[in-house]
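Take a look at the letters that make up each chain.
Protein chains: 2
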Amino acid sequence: MSRTYHAREFARLAGVTVRALHHYDRLGLLQPSGRSDAGYRLYTDRDLVRLEEIVALKFIGFTLNQIQELLNRKNIDLAATLRQQREILAEKRHGLDRTLQAIEQAEQIVACGEAADAALRKIIEVIQVQNKKDWMQKYYTQEQLDGLRKRWSPEVQEQSQRDWAELAQDVEAAIARGEEPSGEAGRLIAQRRQNLIGQFTGGDPGVAANLQKLYTDEANWPSNFKRPFSDAVNRFLCEATKAFST
Amino acid sequence: MSRTYHAREFARLAGVTVRALHHYDRLGLLQPSGRSDAGYRLYTDRDLVRLEEIVALKFIGFTLNQIQELLNRKNIDLAATLRQQREILAEKRHGLDRTLQAIEQAEQIVACGEAADAALRKIIEVIQVQNKKDWMQKYYTQEQLDGLRKRWSPEVQEQSQRDWAELAQDVEAAIARGEEPSGEAGRLIAQRRQNLIGQFTGGDPGVAANLQKLYTDEANWPSNFKRPFSDAVNRFLCEATKAFST
DNA sequence: TGTTGACCCTGACGTAACGTCAGACCTTAC
DNA sequence: GTAAGGTCTGACGTTACGTCAGGGTCAACA
Numbered sequence: 007m008s009r010t011y012h013a014r015e016f017a018r019l020a021g022v023t024v025r026a027l028h029h030y031d032r033l034g035l036l037q038p039s040g041r042s043d044a045g046y047r048l049y050t051d052r053d054l055v056r057l058e059e060i061v062a063l064k065f066i067g068f069t070l071n072q073i074q075e076l077l078n079r080k081n082i083d084l085a086a087t088l089r090q091q092r093e094i095l096a097e098k099r100h101g102l103d104r105t106l107q108a109i110e111q112a113e114q115i116v117a118c119g120e121a122a123d124a125a126l127r128k129i130i131e132v133i134q135v136q137n138k139k140d141w142m143q144k145y146y147t148q149e150q151l152d153g154l155r156k157r158w159s160p161e162v163q164e165q166s167q168r169d170w171a172e173l174a175q176d177v178e179a180a181i182a183r184g185e186e187p188s189g190e191a192g193r194l195i196a197q198r199r200q201n202l203i204g205q206f207t208g209g210d211p212g213v214a215a216n217l218q219k220l221y222t223d224e225a226n227w228p229s230n231f232k233r234p235f236s237d238a239v240n241r242f243l244c245e246a247t248k249a250f251s252t
Numbered sequence: 007m008s009r010t011y012h013a014r015e016f017a018r019l020a021g022v023t024v025r026a027l028h029h030y031d032r033l034g035l036l037q038p039s040g041r042s043d044a045g046y047r048l049y050t051d052r053d054l055v056r057l058e059e060i061v062a063l064k065f066i067g068f069t070l071n072q073i074q075e076l077l078n079r080k081n082i083d084l085a086a087t088l089r090q091q092r093e094i095l096a097e098k099r100h101g102l103d104r105t106l107q108a109i110e111q112a113e114q115i116v117a118c119g120e121a122a123d124a125a126l127r128k129i130i131e132v133i134q135v136q137n138k139k140d141w142m143q144k145y146y147t148q149e150q151l152d153g154l155r156k157r158w159s160p161e162v163q164e165q166s167q168r169d170w171a172e173l174a175q176d177v178e179a180a181i182a183r184g185e186e187p188s189g190e191a192g193r194l195i196a197q198r199r200q201n202l203i204g205q206f207t208g209g210d211p212g213v214a215a216n217l218q219k220l221y222t223d224e225a226n227w228p229s230n231f232k233r234p235f236s237d238a239v240n241r242f243l244c245e246a247t248k249a250f251s252t
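Sequence order for the protein chains is A and B. So for the first sequence, the working numbering puts the first residue at 7; every next one is plus one. So for the second sequence, the working numbering puts the first residue at 7; every next one is plus one.
The hints are simulated quantities; they were obtained by calculation from the structure and are not laboratory data. Heads up, a few of these hints could be off.
Given that identical chains are not distinguished, each listed pair holds provided it fits within a single copy or across any two copies.
Pairs of lysine-lysine residues, derived as BS3-like cross-links and limited to a Cα-Cα distance of at most 25 Å, are as follows [what the hints assert, rightly or not]:
id, residue 1, residue 2
1, 248, 80
2, 156, 139
3, 128, 98
4, 248, 144
5, 80, 139
6, 138, 80
7, 139, 64
8, 144, 80
9, 138, 219
10, 80, 156
11, 98, 64
12, 139, 128
13, 64, 128
14, 248, 139
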């Protein structure tokens, strides 16, 4: 009843190649039930079941090593395995989405008639922004991130970027005019800084604390992370804040 | 003005490793502008521009070989390049989506308390269905596929599958009773077949013609494509159709 | 001057999952 | 007997580097 198959026929049953069968054989992942006198591999229906399991697990993204472990250890928790694999693939898809966004933004720039290197720079920027995001997320709890996402729409974000840039300019101007951080100009600037930070934290002291932690941890910043202010501006801001912290 | 960088420093500027720089050097993808007396690689700001281009192109999914071609050939059509790459990535994401769906269906089966192999078989089934879809799509034009998608909801599809299965059973019964394809039973069956095909084609003669082409092209069917009817049923259907084709 | 520690070099091997020869053997049909 | 088609093993190629291993360089410090 249980007939045997030669390599080619058996391979076609599961939609793989003969060479793949050789490969699985050498790995010990699927060894044929027997050999003919001439040394030909002879597979059976039981082998087919195993091969189909292998194909299925490979399809959902496991490596051959993982499959070997899964199939050897007898009582696999398939539910957990599937969930874990689903999460990994979902993460991958998320990464693809972000890459696609980067390309789309670059295409926009090309469409606007900009030069090629401007578009490539845009991609680099998107990469860096995303790296930055990933890295910053480590500093906040999941709830804080959820709150931030609600509060921090792209428009708000852009406005905030402009506000900070303007603040930086004004600080430079103040320094150029020889103002002291402890003077009236310093007070105004410290206040504006307070407001901007408040906008970001949304009044949440936990977020504020973590922002502080992130900011003072400069030693651990990723290398290609550009610092927001020049040293001089930074010092002025610090001094002003110290002088007028309520 | 234009200072030079040693490997480590230069690598950090673009967020890559020293070993990657060695690699790009050997490939000729990015050769340092100079070497120190001791043989150390010396990179310049111009090298940095190139490295950043490389990183950007790599990020959006090009291989190093492709990048080399792109950067060497001077006037790249970046717009076309980006579009093409976007399409490739979109296709990849689509594949991921389908894999995720397969996992979710398998999880459902596990959640229903079924055994592990039932879940894995489900995955295999999903793979085969998708392969089948991909393969069948080659036989229809884009417009025909659009029309089919509208007409062919999952429910309709399931109903159709049941109808075909029922028809096959009735044919087997007719054969068992010794009925002739040219008899009254054959006429009824030929009519039911006509109706089912009409349901699929939606009356579109182009779709009907391509379905016919697909069906008669059995020699080219993928190997793991299971044929819908047994030979006997198939023959009966053919004869009946021939006898009563209007 | 010698030494330490931080860099740098090249070359060779490893990775994952097979594909692609190359050289040799088996089977079967005409 | 031979020609066609299937099978075997072994070796190298693929991608983008990581990881040693063995050996040189540079700056500072004792």
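**Message:** If you test the structure against every hint from before, which numbers come out violated?
**Reply:** 1, 4, 5, 6, 8, 10 and 14
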